Structure formats: structure tokens, C-alpha cells
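Novice: What follows is the residue order along each chain.
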Amino acid sequence: MTTPAPAIETRALTKIYGSGNTEVVAMRDVSLAIGKGQVVALLGPSGAGKSTLLTAIGLINPPTFGSISIGGLPVMEGDSALVDVRSFRRRYIGYVFQKANLIPFLTALENVQLALEINDEPPRKARRRAMELLEYLGVGDRMKNLPHMLSGGQQQRVAVARALANSPSIVLADEPTAALDSVRGRQVMELFRKVAHDQGAGVLVVTHDHRALDVFDEILEMEDGALRQHDQNDADPDRRAS
Amino acid sequence: MNLALRDIRHNLARFSLTTAGVGMLLMIVMGMGGIYRGLIEDAVLLVNKIDADIWVVQQGTRGPFAEISRIQRNLEDRLLTVPGVQSARAFVWHTVQRDHGGKPLRMVVNGLSWPQDKGEWLPLVAGRPLGAAHYEMVADKLLGLQLGDSLTLGKDVYSVVGLTQGMIGQGGDGLAFFTVSDALAIQFDTSPESVRLERSARKMRAVRDDIGKVQPALLDKADLPAHRLPAVSRPMISAVLVKAAPGADPAGVAELISGWQDVSVHSSDEQRELLLKGTVDRARRQIGLFTALLVIISAIIMALILYTLTLDKTRDIAMLKLMGARNSVILALILQQAVLLGGLGYVLAYFLGQWIFPYFPRRVIITDEDLFRLGIIVIAISVLSSALGVWKAMKIQPNEVLS
Chain E
1 MTTPAPAIET RALTKIYGSG NTEVVAMRDV SLAIGKGQVV ALLGPSGAGK STLLTAIGLI
61 NPPTFGSISI GGLPVMEGDS ALVDVRSFRR RYIGYVFQKA NLIPFLTALE NVQLALEIND
121 EPPRKARRRA MELLEYLGVG DRMKNLPHML SGGQQQRVAV ARALANSPSI VLADEPTAAL
181 DSVRGRQVME LFRKVAHDQG AGVLVVTHDH RALDVFDEIL EMEDGALRQH DQNDADPDRR
241 AS
Chain Y
1001 MNLALRDIRH NLARFSLTTA GVGMLLMIVM GMGGIYRGLI EDAVLLVNKI DADIWVVQQG
1061 TRGPFAEISR IQRNLEDRLL TVPGVQSARA FVWHTVQRDH GGKPLRMVVN GLSWPQDKGE
1121 WLPLVAGRPL GAAHYEMVAD KLLGLQLGDS LTLGKDVYSV VGLTQGMIGQ GGDGLAFFTV
1181 SDALAIQFDT SPESVRLERS ARKMRAVRDD IGKVQPALLD KADLPAHRLP AVSRPMISAV
1241 LVKAAPGADP AGVAELISGW QDVSVHSSDE QRELLLKGTV DRARRQIGLF TALLVIISAI
1301 IMALILYTLT LDKTRDIAML KLMGARNSVI LALILQQAVL LGGLGYVLAY FLGQWIFPYF
1361 PRRVIITDED LFRLGIIVIA ISVLSSALGV WKAMKIQPNE VLS
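Protein chains in written order, with the numbering used here: chain E, 1 to 242; chain Y, 1001 to 1403.
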């Protein structure tokens, strides 16, 4: 019996900016594996290399060394892409950011529908799927609103719907709750968990929000560009206080 | 999903204002083209309308439109004797400026060879052609005269009996048609004092010269009016217009007349060519160059507008790239907006022009051919000017979403 390939697997990822005296190592020897249906949090102080790791896995910012596999398929070897990056992103990766980054001239529905149409989904089918997703994420009643008519939480839900539209193999989220209050923040985190478990996607969430860490299956921590064992007492102020 | 239309819908006010600006700019381009066309049409208008095959003018000159041409009026009778000539009409052409109703009135005086030519060929919009040998005129509406108006020119008063529309000289002045005699009277109008002085000077010359002693009778008549002196020439006309007889070859007739030593002969086509290459050529080229410059400026302005519109969408384009959108999606967004901007601007320019151009002092002629050509140019400008925006869009990296 073979073990199913992890949703995300990185080996010795290293990212170096500049050279010589100006050389900065933003990420060093990062190896991790995130299984399908698993929700993983990535903690760490500013400048620890979290976003560098996330953008490397998201095929936005290639590493200097190391390799990345997604769903068992090698996609990066060093700074060379082994797949058509844009096409791969379109099909297999969903992104959510601190800001929802919705297209301002499209309604909530159209923002989600666009992600599907970009992936060659026929417009009618794309529209139906987008409506289902928005209903699923609890913003079905706001689907005809433009982004500026939505609250921060609602915008973030639409962004999540857009990220999930093409049933990606992995979802990468960079501080998705930073602009939300604690209740909304927790709702979004729980949403990721639900999505991961329901759709079998691997979800990696960069966060500073320690209040919802219980939602995650695994917690990773970065410091000075390297992964280290997460000390739950150190990281969770609530638990430390008790 | 059409992103271009949705973006426009979202920023409708800004897009409308931008389109209005582009439309006005294109209206100026259209107008300059129309002025260019109007200049050419006005220059050749009379040659086209007057229905002559051959223009007989002063020897060595290019005709009355290009320079002063003076020929004897009896040339009309000589030309009628040439085989193949159906008619020969005297033609007088000069510009006058007089005060009328407290305002300067500038007109091109045309003499028609009464009674053969009463001006039946004129495009009358009111009244009738000339009906008498003297003191009647047909005026173009541009001159601001009405039917029945009286106008004092020289020592005589002329009544407006007919009105034309669009009969304009190459300088943009309205045309007025008189009989040749009246046109000459207007041209050679001299004050009584000047006439007296000329007669006196004439007598002095006769006394001084031998001819006065040899022919005393001439001395006696020296101070009489010019028309009573056969030796003193009558006023000269500008040209004689010849119409070839049916079946006669105008080129053959022209060749025959060109053998005469005292005249030059031009066909109507040559006269047209002389007008375009001569008197209006510089103005024509100047307007043509100005129009070309305006087209280039329009392209630059549109390029900057489209570049700015693209800059405003940097984050959205980065997001589209991050989502894996193909370049064609982003190209379509920019190109469709460019073509819409140009296309709607063009339509606006057309309707604005239709409304404004009639108020221009000179004719602005927009032909279907010019409209079609400008349409193609606008599409080309739209596509070319979007290149800057497309270049910027292609340079946008997906990670700019994170900034």
C-alpha cells in the first residue's frame, strides 16, 4: 500500500537576495510536508521568512535552491519552474491575502466567477458554481454587491470563495485575518479548516493571530529564515497566562 | 466575462469625461480635415461650376485665379470664329471690399458675359439669374445680403435679384455675379476729379508730342471721355471662357487657339491643377501638416490616458496574473477599452462636428471618404496608443498584489 503524496512538499528551500556583501538569506533549508485535508499555521515574527516561503510555494517568487512538489508533482527545482507556472497557479493553487484584493469593478459573484472563467469554465456553469460557493461561505445574500459595499469580513469570505473556486490542491493564505476583528478572524480560520476537510485541499496559513490556533491541525514556526519546533506555551499568550 | 465593460461601468463618470476629451480632440482633427477639404473645394468651385472647356487668358499668365490677367474684350469675337467653338464668354474676376451697413463687405466680383451668360448655371437658392444688362447682381448667402437689397458699388446701385449658397472664392469670400460691363464699371470706377486730371494730362501729352501737331483733330478730342476716343483702349477683361461645340475635341480647339501669340490657353483641368498647385497649395500643405500633427498629438494623449488607466489597475492586473489569467485576458481588457475610447470619441466628434462646423466662417466639408479614413486612423491610434499600457501591464508581476 502506497502513502498518498502530500499536498505540499518542500525540500531544503533557500532564498537568497543580493550577493557578496549585500547578500541576505531570507529562507534557509526549509523542508516541510502538508498533507491533503490538513490545515497548517505558519507563525513567526516579521522578517522571519514566512511570506518568502509562502510566495515560493505559491510559485510567485522562486527559491534560490531547493525543490517544491505539489500533489506529488515536482514544480520547482531551484529557481527553475518545471511546469507552466501561470497555468499551474490557475488550476491548483488558491490564494488569500491580508487584503481581500477583490477586483473593485466586479461584484462578489463576478469576482468568483472570473476565477472559474479564467480556468476555461463555461460562463453559465461558472456562475452557478460561484453562487454555490458564496452561499456555502455565507455571503450568498451579498453576491450582487461590489467589494466596497461589503464589510472586511464579507470581502475576505468572497476572497476565500475565489481561492476555492477551482477546487485547488493547495490554498495559501497570508495573514488573512489581520484586518478582521477576533470573531470574524476566527470565522475565517474555521472556514479554512472546513474547506480543507471538505475538499481535501492542503491549507497553509501565515498568521500572527494566536487566538484561533486551535483550529489548525499543525503549527509551524519560522525564525531567521528557518523552520523551528513550535513551542505552544511560548506562542499562545492565553495558555501562558493560565 | 468582459472586464473592459465592467471596468467602464464602474468608472462611468471618469470614462465619459475622458471620452468627451478624446472626442473633442478628434473633432478638431476631423475639422482640420474638413477645412483642408473645404479649401480645395472652394478653390476649384467656380472652375467646376462655370461649364467651360477652355480658359483663354493673357499670354504667359496662369489665369485670373493665379495672377492678374488682362485681355482685350474683342478676343471674345475672335474666338467665336475658331472652328469647333460653340460659345465664348468674357469673364471678369476681382475682389472688392466696401462698407455695407456699417460693416466691411468683402466679395469676389464675377462678370458674366451678358446676354449669353445670365448665370443660369448658378446654384440659386432664391430669386432668379440676371435679367438685365445693368444694375442687377446675384450674391452668395455668405455675403449676408437679402433678395431685394440694394448695394452701392462705384457710382451705381445694384439690386440683389438672386441668392446662391456655397459659392465661395479661394480666399473664403463670397462670390457676387454681375454682367461683365457692370463688373468692369465696379473695377475701374474712378472719381470725377481723377477723370478730369487724366483728360488734362492726356491733352498735355498730345500738345507735347508730335502727334498733336501732325493730327490737330486728335488734339481737339484729347480731353473728351475715353469712350469717345477710338484710340484709347477700353477696359480689359480677365479671361474668355470657351465651350467646345458638341462633337468637337476641346484639346484640338485649345491647340488651335494656343497658336495665337497674344494669349495663353488652359483647359479646365489645367486651371483646376493650377489652382491647387498654385494659390492654395501652401495653405493646403500647412493644414495637411497641421492635421498630421494633430493626429500624432491625439495618439500621444490617448497613449497617456490608456497608460494612466492601466496604472490605476496595477493591483487588479497583478491579481489577475496571480490567479493565472492568460495574457490575452489582460490584453483584451486594455485593447477593448482603447478601441471603445477611440470609437466613442470618434462618434462624439462626428456629432459635435455636425453641430459646430456650420458656424465656422469657412466651409468645413466632411466627406464619407474622409470619415472612413479617419475611422481607420482612430482604430489604428487606439491600438497603437494602447501599446504603452500593454507594455506596462506585461511588466506587472503577480507579487505586486502583496505590496
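Don't read these hints as lab results, they were simulated from the structure. All of these numbers come straight from a predicted model, not from anything done at the bench. Every residue gets a Cβ at the ideal spot worked out from N, C-alpha and C, and that includes glycine. Treat each hint with caution, since some may be false.
[Unchecked claim] For lysine to any residue, the following SDA-like pairs were computed, each having C-alpha atoms within a straight-line distance of at most 20 Å:
#, chain 1, residue 1, chain 2, residue 2
1, E, K99, E, S67
2, Y, K1395, E, N61
3, Y, K1221, Y, E1193
4, E, K144, Y, L1012
5, Y, K1395, E, K144
6, Y, K1243, Y, D1223
7, Y, K1395, E, K125
8, E, K144, Y, L1005
9, Y, K1395, E, T55
10, E, K125, Y, M1001
11, Y, K1118, Y, Q1097
12, Y, K1155, Y, K1221
13, Y, K1118, Y, R1128
14, Y, K1277, Y, K1141
15, E, K144, Y, A1004
16, Y, K1103, Y, K1049
17, Y, K1141, Y, G1171
18, Y, K1118, Y, R1202
19, Y, K1141, Y, K1155
20, Y, K1395, E, V85
21, E, K36, E, P74
22, Y, K1155, Y, Q1097
23, Y, K1049, Y, P1123
24, E, K144, Y, K1103
25, E, K125, Y, N1002
26, Y, K1213, Y, A1201
27, E, K144, Y, N1002
28, Y, K1395, E, K36
29, E, K99, Y, Q1097
30, E, K99, Y, N1002
31, Y, K1277, Y, D1262
32, Y, K1213, Y, R1202
33, Y, K1243, Y, W1121
34, E, K144, Y, R1009
35, E, K99, Y, L1256
36, E, K144, Y, M1001
[Stated by the list, open to error] The following residues of chain E were derived to be distant from chain Y, with all beta-carbon distances above 10 Å:
#, residue
37, N61
38, I103
39, E117
40, I118
Novice: Evaluate each hint against the coordinates.
Specialist: Going down the list of hints, with the structure as the test:
Distance check on the hinted pair: K99 of chain E and S67 of chain E sit about 29 Å apart at the alpha-carbon level, beyond 20 Å; violated. Distance restraint check for K1395 of chain Y and N61 of chain E: the Cα-Cα separation of roughly 15 Å lies within the 20 Å cut-off, and the hinted pair is therefore satisfied. Our distance criterion of 20 Å between C-alpha atoms is met by K1221 of chain Y and E1193 of chain Y, whose separation comes to about 19 Å. This hinted pair checks out: K144 of chain E and L1012 of chain Y have alpha carbons roughly 18 Å apart, not beyond 20 Å.
With a C-alpha separation of about 32 Å, the suggested pairing of K1395 of chain Y with K144 of chain E is violated against the 20 Å cut-off. Taking the CA atoms of K1243 of chain Y and D1223 of chain Y, the gap is near 41 Å; set against the 20 Å cutoff, the hint is violated. For the hint linking K1395 of chain Y to K125 of chain E, the alpha-carbon distance of about 32 Å lies beyond 20 Å, and the restraint is violated. Between K144 of chain E and L1005 of chain Y the alpha-carbon distance is near 17 Å, which keeps this suggested pair within the 20 Å criterion.
Of the supplied pair hints, the one linking K1395 of chain Y and T55 of chain E holds, its CA atoms being roughly 18 Å apart against a limit of 20 Å. Among the hinted pairs, K125 of chain E with M1001 of chain Y is consistent with the structure: their alpha-carbon atoms are about 13 Å apart, no more than 20 Å. Of the pairs offered as hints, the one joining K1118 of chain Y and Q1097 of chain Y is violated, with about 24 Å between alpha carbons and a cut-off of 20 Å exceeded. Restraint check for K1155 of chain Y and K1221 of chain Y: not satisfied, since their Cα atoms lie roughly 25 Å apart, outside the 20 Å limit.
Straight-line distance between C-alpha atoms of K1118 of chain Y and R1128 of chain Y comes to about 10 Å, which keeps the hinted pair within the 20 Å bound. The hinted pair formed by K1277 of chain Y and K1141 of chain Y fails the criterion: a straight-line CA distance of about 28 Å is larger than 20 Å. As the CA atoms of K144 of chain E and A1004 of chain Y are separated by approximately 18 Å, the hinted pair is consistent with the 20 Å bound. Between K1103 of chain Y and K1049 of chain Y the alpha-carbon distance is near 30 Å, which puts this suggested pair outside the 20 Å criterion.
Our distance criterion of 20 Å between C-alpha atoms is met by K1141 of chain Y and G1171 of chain Y, whose separation comes to about 16 Å. A hinted pair counts as satisfied when its Cα atoms are at most 20 Å apart, and K1118 of chain Y with R1202 of chain Y does not qualify at roughly 37 Å. Distance restraint check for K1141 of chain Y and K1155 of chain Y: the Cα-Cα separation of roughly 24 Å exceeds the 20 Å cut-off, and the hinted pair is therefore not satisfied. A C-alpha spacing of about 16 Å is found between K1395 of chain Y and V85 of chain E, which places the hinted pair at or below 20 Å, so the restraint holds.
Restraint check for K36 of chain E and P74 of chain E: satisfied, since their Cα atoms lie roughly 16 Å apart, inside the 20 Å limit. For the proposed pair K1155 of chain Y and Q1097 of chain Y, the alpha carbon gap of about 15 Å is at most 20 Å, so the pair holds. For the hint linking K1049 of chain Y to P1123 of chain Y, the alpha-carbon distance of about 9 Å falls within 20 Å, and the restraint holds. Between K144 of chain E and K1103 of chain Y the alpha-carbon distance is near 66 Å, which puts this suggested pair outside the 20 Å criterion.
Using a Cα cut-off of 20 Å, the hinted pair K125 of chain E and N1002 of chain Y holds, with the two alpha carbons roughly 16 Å apart. Restraint check for K1213 of chain Y and A1201 of chain Y: satisfied, since their Cα atoms lie roughly 16 Å apart, inside the 20 Å limit. Restraint check: the Cα-Cα separation between K144 of chain E and N1002 of chain Y comes to about 16 Å, which is no more than 20 Å; the hinted pair holds. With a C-alpha separation of about 35 Å, the suggested pairing of K1395 of chain Y with K36 of chain E is violated against the 20 Å cut-off.
Taken as a hint, the K99 of chain E and Q1097 of chain Y pair is broken in the structure, with Cα atoms around 75 Å apart against an allowance of 20 Å. Proposed proximity of K99 of chain E and N1002 of chain Y is contradicted: the alpha carbons are some 24 Å apart, above 20 Å. Using a Cα cut-off of 20 Å, the hinted pair K1277 of chain Y and D1262 of chain Y is violated, with the two alpha carbons roughly 25 Å apart. At roughly 14 Å between alpha-carbon atoms, K1213 of chain Y and R1202 of chain Y fall within 20 Å of each other, so this suggested pair holds.
Between K1243 of chain Y and W1121 of chain Y, the direct Cα distance comes to roughly 14 Å. Compliance with the 20 Å bound is thereby established for this hinted pair. A distance of roughly 14 Å separates the Cα atoms of K144 of chain E and R1009 of chain Y; the hinted pair therefore holds under the 20 Å criterion. Proposed proximity of K99 of chain E and L1256 of chain Y is contradicted: the alpha carbons are some 91 Å apart, above 20 Å. In summary, the hint linking K144 of chain E to M1001 of chain Y is supported, as the alpha carbons are separated by about 15 Å, within the 20 Å threshold.
Consistency note on N61 of chain E: stated as away from chain Y, yet its beta-carbon is not over 10 Å from all of that chain's, at 6 Å minimum. Its closest Cβ contact with chain Y, about 5 Å, brings I103 of chain E to no more than 10 Å, contrary to its assignment away from the interface. A beta-carbon of chain Y is positioned within 10 Å of the beta-carbon of E117 of chain E; the least distance is around 5 Å. The non-interface label for I118 of chain E is inconsistent with chain Y: the shortest C-beta to C-beta separation is roughly 5 Å, within 10 Å.
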